[in-house]
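Read top to bottom, the protein sequences are chains A and B. Residue numbering for the first sequence follows the working numbering, beginning at 870 and increasing consecutively. Residue numbering for the second sequence follows the working numbering, beginning at 9 and increasing consecutively.
There's no promise every hint is true.
To give an idea of the chain A side of the interface with chain B (calculated C-beta under 7 Å), a few residues [said to hold, decoys possible]:
id, residue
1, 896
2, 933
3, 960
4, 961
Derived by calculation from the structure, the hints in this document are not laboratory data. The C-beta atom is built at its ideal place from N, Cα and C for all residues, glycine as well.
Spelled out, the chains give:
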Amino acid sequence: MDLQSELRCGTLVVAVEDRRIDAAVALQFKESMRQTSASSPERIVLDLGQVDFVDSSGLGAIVNTMKQLPPGKSLELAGLTPTVAKVFQLTRMDMIFNIYAAVEDAFPEEEA
Amino acid sequence: MTPALSDQVPLNTPRVRFHSSKGATLLDVRRAMQCLRNRLIAAKVSQIEISSAEIVLAEVLNNIVKHAHQGVENGWFDIHCYLPVSGGLFFTCRDNGTAMPGGAPPGGVMPSIARAGAELPEGGWGWALIRRLTTDLDYMRIDGINLVNFTIPKSPPPSH
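This is chain A alone, in the form it adopts within the complex (with noise of 0.2 Å):
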């Protein structure tokens, strides 16, 4: 499980670099998150711009890393690919994450 983590504007911007966050990965990506939130700053954006698929197991372990976030942490998602939006509406995720078009839209006062 590829994650690559760039802070930016006090933001921990945490890209998945895998194309599906599925059962046979699912425990690897919590781990992994668990990690990487460990030593972060309060806000997390998890970029998901490269991942195709998720199922219901990947989905499982993301919101399992928003609720093993230390109070006063938050996580919030970017990039969802038609599939993975897909997912999330179904299951009505959608309504408990903050989820951006793009990960610049997770920074609008930013100047370009």
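Chain A is fixed; fit chain B onto it per the hints.
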């Protein structure tokens, strides 16, 4: 093995097949989905139908490998996908795992999100997704083989 099939799908429709190796793993699920996806793209199936098929198949196959194959040696699954000329996709998935508990697939109620925070669900969406995206879901057990049939309905033309 599939007596009901010829009644529902003309046998001359295009078809896609995948057979896992014995001792199937979650990586075989990935291979199956990649194979199906490539073939459906090549067959010019709409992206909406492919995406529904991927979501449903992932849940069906994960359930087979993670649950039905528990304690089963040399677990395998196979998928046949038929493309009826009338549109949509007709799937039949078979496996040599244990029978579904109660002899029927779960009802599949979407887990509630009413209680946020620590109470949010981290699973339980599988059958709800399957039931939401399919029609004519049908389960049979024949000669120790599980057989699940379902249709991914033809998607409506995009609205403008």
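Practice task
Find the hints from earlier in the document that the structure breaks and name them by number, from lowest to highest.
Solution key: Hint 1 contradicted; others consistent.
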